[in-house]
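Protein chains in written order, with the numbering used here: chain C, 867 to 1137; chain E, 5 to 353; chain Z, 36 to 336.
Below, simulated DSSO-like cross-link-like pairs (lysine-lysine); rule was C-alpha separation at most 30 Å, straight line:
{"#": "1", "chain 1": "C", "residue 1": "Lys-976", "chain 2": "C", "residue 2": "Lys-1100"}
{"#": "2", "chain 1": "E", "residue 1": "Lys-243", "chain 2": "C", "residue 2": "Lys-1100"}
{"#": "3", "chain 1": "E", "residue 1": "Lys-85", "chain 2": "C", "residue 2": "Lys-886"}
{"#": "4", "chain 1": "E", "residue 1": "Lys-226", "chain 2": "Z", "residue 2": "Lys-276"}
{"#": "5", "chain 1": "Z", "residue 1": "Lys-320", "chain 2": "E", "residue 2": "Lys-226"}
{"#": "6", "chain 1": "E", "residue 1": "Lys-117", "chain 2": "Z", "residue 2": "Lys-320"}
{"#": "7", "chain 1": "E", "residue 1": "Lys-274", "chain 2": "C", "residue 2": "Lys-886"}
{"#": "8", "chain 1": "E", "residue 1": "Lys-89", "chain 2": "E", "residue 2": "Lys-134"}
{"#": "9", "chain 1": "Z", "residue 1": "Lys-66", "chain 2": "E", "residue 2": "Lys-274"}
{"#": "10", "chain 1": "C", "residue 1": "Lys-1020", "chain 2": "E", "residue 2": "Lys-89"}
{"#": "11", "chain 1": "Z", "residue 1": "Lys-66", "chain 2": "C", "residue 2": "Lys-1026"}
{"#": "12", "chain 1": "E", "residue 1": "Lys-238", "chain 2": "Z", "residue 2": "Lys-276"}
Computed footprint of chain C on chain Z; a stretch qualifies when at least three of its residues, placed anywhere within it, have a C-beta under 8 Å from a C-beta of chain C:
{"#": "13", "segment": "102-113"}
{"#": "14", "segment": "125-139"}
Some, not all, of what chain Z presents toward chain E, calculated at C-beta under 10 Å:
{"#": "15", "residue": "Asn-37"}
{"#": "16", "residue": "Arg-39"}
{"#": "17", "residue": "Ala-41"}
{"#": "18", "residue": "Phe-42"}
{"#": "19", "residue": "Val-145"}
{"#": "20", "residue": "Thr-148"}
{"#": "21", "residue": "Cys-302"}
{"#": "22", "residue": "Val-312"}
{"#": "23", "residue": "Lys-333"}
None of these hints come from the bench; they were simulated from the model. Note that beta-carbon positions come from the ideal geometry of N, C-alpha and C, so glycine has one too.
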Amino acid sequence: MNASKQEQRTYLGIPVPRPKVAFFELSSCEGCQLQIVNNEATLLDFLSLVDVRAFREAMTEKFSDYQIAFIEGSVTRADEIERLRKVREQAAVIVAFGSCACFGGVNQLKNRFSDPAWVKQEVYRGHPVETADTARPIEDFVKVDLKIFGCPVKKEEVEKIVTSLVLGKTVVHPKYPVCLECKANNNLCLFDLGEPCLGPITRGGCNAWCPNNRFGCWGCRGPAVDANVAQLQKIMRQHGFSEETILDRLECFGGFAEQAKELRSKIGGKG
Amino acid sequence: MLFRVAEASQLKALFELLAQTNTMLGPVKVADDLGGNPVYSFEEVAEFSRLSLDYTTTRLSAKRFFLPFREDLAVFALQGKDWSKQMDYHMDRPAVLFGLHACDINALNRLDKVLMGSDHPVPYYAAKRKNIFIIGTGCTPRPSCFCRSMGTNTVTHGFDLFVTDIGGGRLFFEIFSSEAYHVIRDLATGEPTPEDHNAYMRVETERNRKITTTVDTTDLTKILDMEFQSPVWKTWGDKCLGCGSCASACPTCYCYGVEETVDPGLREAKKTRTLYSCNIVDFAEVAGGHNFRPERGTRLKYRYYHKHRGFVEAYEESLCVGCGRCGDICLAGITVPEVIASVRGGDPT
Amino acid sequence: MNHRLAFHDVAPHGHRYARASDLGSFEFTYKAEITSIYRLTDAENLYRIRIVNNEDRRHFSFRPGQFVMLELPGVGEAPFSISSSPSNREDIELCIRTVGNLTGVLGHAVRGTRVGIRGPFGTSFPMERMHGGNILLIAGGLGLAPLRAPIAHVQEHRSMFDHVDIIYGSKELSKLLFTFQYEMWKKDDIGLHIVLEKGDPAWSGPVGMITKVLEEIIGFRDVSFIRQTHAIVCGPPVMFKFVCAMLSERGIPMHKMFVSLERRMHCGMGKCCRCNVGSTYTCLKGPVFDYWSVMNLKEAI
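Could you put the whole structure together from the sequences, leaning on the hints where they help?
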């Protein structure tokens, strides 16, 4: 229709599409989606960039004509795989939204147990639930076009990425580690204070959210590009941190799953 | 340079003279580390008593006051196919940096060569450099200082006033700028006597004696050229975390990246400069993805080439002032003296 | 008692045009308009850009081989060598391949979009020094873009040169750039030798390595011809490495060969260090280097 054509936005004369988007959640706390809704100051601007067709956290209507799907959470149940495949059929772009979707997140901590039946019994007791033995990132099941890291995702970063998407800019994730932003913020190095920190190997972009508050980094955004994980493990040992402490950090969000697995097998730790 | 001497109490008077109407910056103790050693940082200070003028060094340099880690170079207001560009140099009032050591003032002098030289001087930097009044103070050397090897343990220009405690409750003032002279006039000072000169010399000699770490810079530019393919670079590269902390702490690292962003309302765009580090993986990556320095070892090597060879070629002096901060902050323990010794033929540790 | 320090305002006053030694030269942007977008191939467009303000436009001049920083506010800024004749004072042309962020968005730009231009920056091909002799203009792929300014200089000063040959290697037929100009170049008595890496039913010319064609062109030349010859070589590092090695073997001294290095400048003014090769700023000492200098740059090739 003519009317809608007139509403076509432009940026410096270049047409800007308003993609139809939907938000979905698999096994997760929905905290990442909450980040979007929380962002009151810029929420209206955000909504003018995209046409939200489904978003359980924010609206009751639900349409399935979306082009971009933001998927929060990891896959822990068979029905989630089915839902995921359906979304993949519809969406031109699938965004793994947050650390659970990208790496399995905190949910994947259960993957370390060798006896899932025992775990289910311990956790759910008399209330058994249908859940797989492992929690998996969504790219284990469908092709993922874009990842947004973080537990939770950082709203400013989501806005920047979405703005880039509609303008046709390349979405570039920081390749540098958290350390760079931590130093930029004039923080004390947590190693000096005796706190373990994965800042030197974890992908930046969070503006050193945790170290700013004197919490060591837990690696929620996964490894920085060319991260020297082996060297940091060595340094942590030199600082007197136990293998368990190192393992706890590496294992927490699933971004360092490979290194965590290697370390676990080396120290012979059980779940 | 004009010289004056004063009673030690005049230092507080100097601070208070300036503090009433100017922003004061200086070294402050911010924490104790695990080993019980004090950790210092340059911060804004309101009270003279908060200053730790006997500090060894700060974790990060005073660079951030002159070259902030992030700074908007321009803001664009967007209208249709058109835009207008607005610039702000982010300095609207003078400040005083009270208690900068010789190495750090020398570092600023080196930054001046690049950022305030004849080829495209940087107004963002110049605005800060010209409006930060610098009061230097004599330092307390620590084991990782190697400024003597770099010729930066003393400073001849680039500050307004330099204060040295020459013992016996007396201060020795070196007055470089007319503005400093103007300030000093309001203090109780006198002409230095030959005995004051001797006391100054004694203090300096004693200070220099405490700077024990050395770096052999003899023929270093040539040696670096010859050792371009040396296996030591890979050895250090394997240790390097590639985190950029060395550059963040360094008082002379000025490399940066520029990024442009648009607000989600598409009303305004920003061009932002962020200090970067040549040790970070994508420093030499070009559009299309080719990376000229994909290995950590080549990136670390580049950092040494820039500081100890390229800058020397261009400006007849090194871009390293021997402050030792990079080695102190490096979790992997990579230090300039050890790297250079290994390139010269020693064994990398 | 107190002492209020004086404030030094460094913002430029009054000067519209800053010299490179003035503080106002940093971040000085010419506002320019995209006046035409010509599709050269699937991946490359030729953008014609005109500085909007009349006085600004008269003020802007460049030498062949220099580059500008092209900025689309909010999207990004990147270096591009100017691909048009320096004597054209009305507009400049930039040949841009869609490979990244800025170039991707530029691919959707429209006539009338306003961009920013900073520069011109860097060194240039010393065309005057080549007057009176022969020139080999050798390009691989997108390397033809920076070569187009020196070619224009040759066309406009044809009597100043003896033999002029363009040797241009491209991956395949559909990737040839500036095909609309080939006849014109030939008419100006410039030898045009195109070689494709991949054959094509519609292509009857040579297929293979650019060095092979080069060999045919200079192989029969005598020493006096070689002594009178300069070469300008633009293309990917592997290409100019082989080409220059061959030319050097044929007797052309390295200081008479010129190459243009590609690096990702962020500032263009010798500050950001992103384009450094070894410890040389490509944006200040380059992008045009003679081959002797390139051989002396660590990590250049």
